[in-house]
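Engineer: Chain residues, written in single-letter form:
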Amino acid sequence: MTSEWLTPSTRSELIENLVSGVDRYNPSNVGILEDYLYHQIRSEEYDCLANLAILKLYQFNPDLYNPDVVINILIKSLTASPLPDFNLCISLLDERPINSQLDEPDPLPSILPLLKGLHGLLYRCRFPSFWEIYNSEQLSVLRDNYTVEVAGFENAVRAVAIRAVRATFTRISSQRLGSYLDLSGAELSVYIQKLGWIVDASTLVVTIPPNPDNQIEAIVVQESVKLPQLTKIIAHSVAKA
Amino acid sequence: MAQQRLSIWNAEEDLEEDVDIGIAMGNYGQNVQYEESHLQPQIDETTLLAMQQHMAQQAAFSQIPDVVKSFIVHFHQAVLENNLAEITLAYESGWNKYTEKFYAKAEWPEAELIAPLVNDDPIFLILYRELYYRHVYSRLQPNIDDRFHSYENSCELFNYLLNSDGPVELELPEQWLWDIIDEFIYQYQVFCTWRSKVSTKTPDELMMLAEGGPVWSSYSVLNVLYSLMQKSKINEYITAQREGKSAEEIAEIVGEYGQRPLYRMLGYFSIVGLLRVHVHLGDFTLGLKVMENVELNQKSPFTRVTACHVATYYYVGFCYIMLRRYPDAIRTFVTVLNFIMRMRQYHTRSYQYDQISKTADRMYALFAMCHALSPSRLDDNIANIAKERYGEQYTKMSRGGPDALPAYEELFLYACPKFITANPPPYDDAAAINALINASAEEESSAAASVTQAEPSQRHLELFLADVGAQLQVPTLRSFLKLYTSLGAKKLANFLDADEEELVQEMMVMKQASRSISRVAGMEGTSLLEGQMITTSDMNFVIDENMVHIAESTIGRRYAGWFIKNTERTQKILDDLKSMPLPAPAKASAPTASTPSTGDSTVQNKPVKAGAKVAWGSVKAA
Numbered sequence: 001m002t003s004e005w006l007t008p009s010t011r012s013e014l015i016e017n018l019v020s021g022v023d024r025y026n027p028s029n030v031g032i033l034e035d036y037l038y039h040q041i042r043s044e045e046y047d048c049l050a051n052l053a054i055l056k057l058y059q060f061n062p063d064l065y066n067p068d069v070v071i072n073i074l075i076k077s078l079t080a081s082p083l084p085d086f087n088l089c090i091s092l093l094d095e096r097p098i099n100s101q102l103d104e105p106d107p108l109p110s111i112l113p114l115l116k117g118l119h120g121l122l123y124r125c126r127f128p129s130f131w132e133i134y135n136s137e138q139l140s141v142l143r144d145n146y147t148v149e150v151a152g153f154e155n156a157v158r159a160v161a162i163r164a165v166r167a168t169f170t171r172i173s174s175q176r177l178g179s180y181l182d183l184s185g186a187e188l189s190v191y192i193q194k195l196g197w198i199v200d201a202s203t204l205v206v207t208i209p210p211n212p213d214n215q216i217e218a219i220v221v222q223e224s225v226k227l228p229q230l231t232k233i234i235a236h237s238v239a240k241a
Numbered sequence: 242m243a244q245q246r247l248s249i250w251n252a253e254e255d256l257e258e259d260v261d262i263g264i265a266m267g268n269y270g271q272n273v274q275y276e277e278s279h280l281q282p283q284i285d286e287t288t289l290l291a292m293q294q295h296m297a298q299q300a301a302f303s304q305i306p307d308v309v310k311s312f313i314v315h316f317h318q319a320v321l322e323n324n325l326a327e328i329t330l331a332y333e334s335g336w337n338k339y340t341e342k343f344y345a346k347a348e349w350p351e352a353e354l355i356a357p358l359v360n361d362d363p364i365f366l367i368l369y370r371e372l373y374y375r376h377v378y379s380r381l382q383p384n385i386d387d388r389f390h391s392y393e394n395s396c397e398l399f400n401y402l403l404n405s406d407g408p409v410e411l412e413l414p415e416q417w418l419w420d421i422i423d424e425f426i427y428q429y430q431v432f433c434t435w436r437s438k439v440s441t442k443t444p445d446e447l448m449m450l451a452e453g454g455p456v457w458s459s460y461s462v463l464n465v466l467y468s469l470m471q472k473s474k475i476n477e478y479i480t481a482q483r484e485g486k487s488a489e490e491i492a493e494i495v496g497e498y499g500q501r502p503l504y505r506m507l508g509y510f511s512i513v514g515l516l517r518v519h520v521h522l523g524d525f526t527l528g529l530k531v532m533e534n535v536e537l538n539q540k541s542p543f544t545r546v547t548a549c550h551v552a553t554y555y556y557v558g559f560c561y562i563m564l565r566r567y568p569d570a571i572r573t574f575v576t577v578l579n580f581i582m583r584m585r586q587y588h589t590r591s592y593q594y595d596q597i598s599k600t601a602d603r604m605y606a607l608f609a610m611c612h613a614l615s616p617s618r619l620d621d622n623i624a625n626i627a628k629e630r631y632g633e634q635y636t637k638m639s640r641g642g643p644d645a646l647p648a649y650e651e652l653f654l655y656a657c658p659k660f661i662t663a664n665p666p667p668y669d670d671a672a673a674i675n676a677l678i679n680a681s682a683e684e685e686s687s688a689a690a691s692v693t694q695a696e697p698s699q700r701h702l703e704l705f706l707a708d709v710g711a712q713l714q715v716p717t718l719r720s721f722l723k724l725y726t727s728l729g730a731k732k733l734a735n736f737l738d739a740d741e742e743e744l745v746q747e748m749m750v751m752k753q754a755s756r757s758i759s760r761v762a763g764m765e766g767t768s769l770l771e772g773q774m775i776t777t778s779d780m781n782f783v784i785d786e787n788m789v790h791i792a793e794s795t796i797g798r799r800y801a802g803w804f805i806k807n808t809e810r811t812q813k814i815l816d817d818l819k820s821m822p823l824p825a826p827a828k829a830s831a832p833t834a835s836t837p838s839t840g841d842s843t844v845q846n847k848p849v850k851a852g853a854k855v856a857w858g859s860v861k862a863a
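Protein sequences, first through last, are from chains A and B. Just so you know, we're using our numbering here: the first sequence kicks off at 1 and counts up by one. Just so you know, we're using our numbering here: the second sequence kicks off at 242 and counts up by one.
These are computed hints drawn from the structure, not numbers from a lab. Treat the hints with care, as some may be off.
[As the list claims (entries may be wrong)] Derived CB-CB ranges, DEER-like:
hint	chain 1	residue 1	chain 2	residue 2	range
1	B	Glu-741	A	Ile-216	19 to 25 Å
2	A	Ile-233	B	Glu-741	54 to 60 Å
3	B	Arg-618	A	Leu-114	56 to 62 Å
4	B	Asp-595	A	Ile-233	50 to 56 Å
5	B	Ala-301	A	Gly-21	48 to 54 Å
Note that CB positions come from ideal geometry on N, CA and C, so glycine has one too.
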């Protein structure tokens, strides 16, 4: 399940070479990786390791730093929750020297706390609060300048919620599901239909198909003795015979 | 600067220049030598100075104890002859012995001073300085000259290894090779930490740092490690070996460098070194990615040097923690902690024993954290030791709630690697650096935090605590759920004095916390980053609209292990008994009736043996 994360099928050979080879340290390749990031943003693809490679170059070459790229990387990694991608990106954001010469004021210091807050809500499965805060007036700066450009951002957030719901529930009320997805009415029905989940027409309760995580069973684990455990004893007997 | 950067990705063809540039930039030390030896004839004053210096040197030379002089001569001889046994002896025991005796609180004699003893052998002097500076770093307080010179000396050493005409003939014990790489990274790490504290620098230091150029820059350190890996073709070697290629094929693949043990081991150790550098820099995925060819098992060549073995597992385990892969972290720590325990009787005498037990102690702390986050029964023995050492913190962590966070924080800060900032404060920009110094002075006077570059470990701590903070309710929830097989969400919310919707969301967190990506059986030989989703908790639950259903997996009693262990023990006791000399009663009873009693004892003995034989015979017959 991690192989798609390690090497997304959408990653080109050029990018693969950059991610896996020493070429990843070459500052002149940053443009290729940044272009690839914007490609991910437009076409709903995601490649965590390639984006980390950009942050690595920024870490070593502060003069390459581009706050918009960083913010976009963080936005993309946000919806990988509960995988640790967001934290992995933050880990690479070294303290920035105060004299960094940018033409415009750096937007990252003001955006970063907002993103961290959103990440906390997603990681803690507080989906209704996430939507409330995400849609608030205070976050219009994030929506209008950044997430609006990220194709399918809201659906990616919904996918996070769906992953949590799928693992935890066998049945869930439409209303609750709707509050997690920030959808209601016809939109919600369409969304549920696309998932292939079934809604009971009278009670409006959604049934989630069985999957390895939402089926429980009390198991008694019995010990099973493997041959290697017995080799010493058998060898001893044979040696004596 | 730009040229220096080019080096790292331009792989082999540019290698020759790379390290040269590093040395050229770090020519600080060469100037000193220059004054001493070359400028003699022209000015009287200079001659006078030189003579004075010469006399001072002679005086210093005569101060060196004779045993140390002969030790150095002997050491040099061993290196010249590539006599591994003698080198090992001098390195592991002689050096430490004389350090304790004469240099516990002072530097060893400068390399220039002992140069006549070794015929000015430049290679030996480089190796000598390697030891000299390592001693300064570990026992004394290195000053800025030491820091710059040790970098320059490391560059000279790597330059000699990488840029001579073909592979060098030198051979060194594996332990030393590991120490070279390990120390190189250690000095880089302490330099970065030291460099980031602007306010404590003297004007001279500020000037030197401003002109320091690539000294201990991240790029130059990575450059050395990657160059060693490429020169030794270590990844190709490991792959070829895994594919079961013949010795001849491997020799052809790895080329003239990779065939030599010196380069091969340096290659191996550089991989581990890279893992460590990436962890210091906070890049946990890349850390595990560079390890992707290395088999993490007890047979791997890097385990031949215990310090390397322990360091590898420590850094790998830590990466897994930061990737939220607690079961993998637990497995990693358990493996190596068991190894350390088994090895204890052998390595107490090693000069690295202290270092190893310190690392082990930190791993127990990390293990305790992981164990609280993802309880498992992988190894009760290690778990018990961890609980013994960190009992108070462990109790708080596993109970969850608000008390847990300080305990996590305490153990994390104690056990985490030293994190560094990749880039220096702007020493080359006088205005900016003055602003920083003034700012920090002001901060200090206003009694605020006096850090100039924020401590990078704080950033990682904050991330870790945010992860952990999300799970703080889990232990409480779990303890309630354990009492039921099904329970209404509303009722559970009432127990916890919580809002029902909040509770349901918390349950999703709990579900999330009981799942983790982990390596599973059959993944041997794949990247350490590979894994599959597994269940980590023995308690499982599911929500059907508003009803929580719970199922707990139990582990049946285990008998087999007990019986196997005791059968083995009995077999051993039986063997011991059999190989013991016969008891002496024959002699004791001898005076009364010597002949019958001896006859008796033989008679008594015989049937036993015969009986055993018969028993075996009958088993065979059956």
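Engineer: Now look at each hint and say whether the structure bears it out.
Structural biologist: Taking the hints in turn, this is what the structure says about them:
{"no.": "1", "hint": "B:Glu-741 - A:Ile-216: 19 to 25 Å", "verdict": "21 Å, holds"}
{"no.": "2", "hint": "A:Ile-233 - B:Glu-741: 54 to 60 Å", "verdict": "57 Å, holds"}
{"no.": "3", "hint": "B:Arg-618 - A:Leu-114: 56 to 62 Å", "verdict": "42 Å, violated"}
{"no.": "4", "hint": "B:Asp-595 - A:Ile-233: 50 to 56 Å", "verdict": "40 Å, violated"}
{"no.": "5", "hint": "B:Ala-301 - A:Gly-21: 48 to 54 Å", "verdict": "50 Å, holds"}
Hint check: violations occur at hints 3 and 4; the rest are consistent with the structure.
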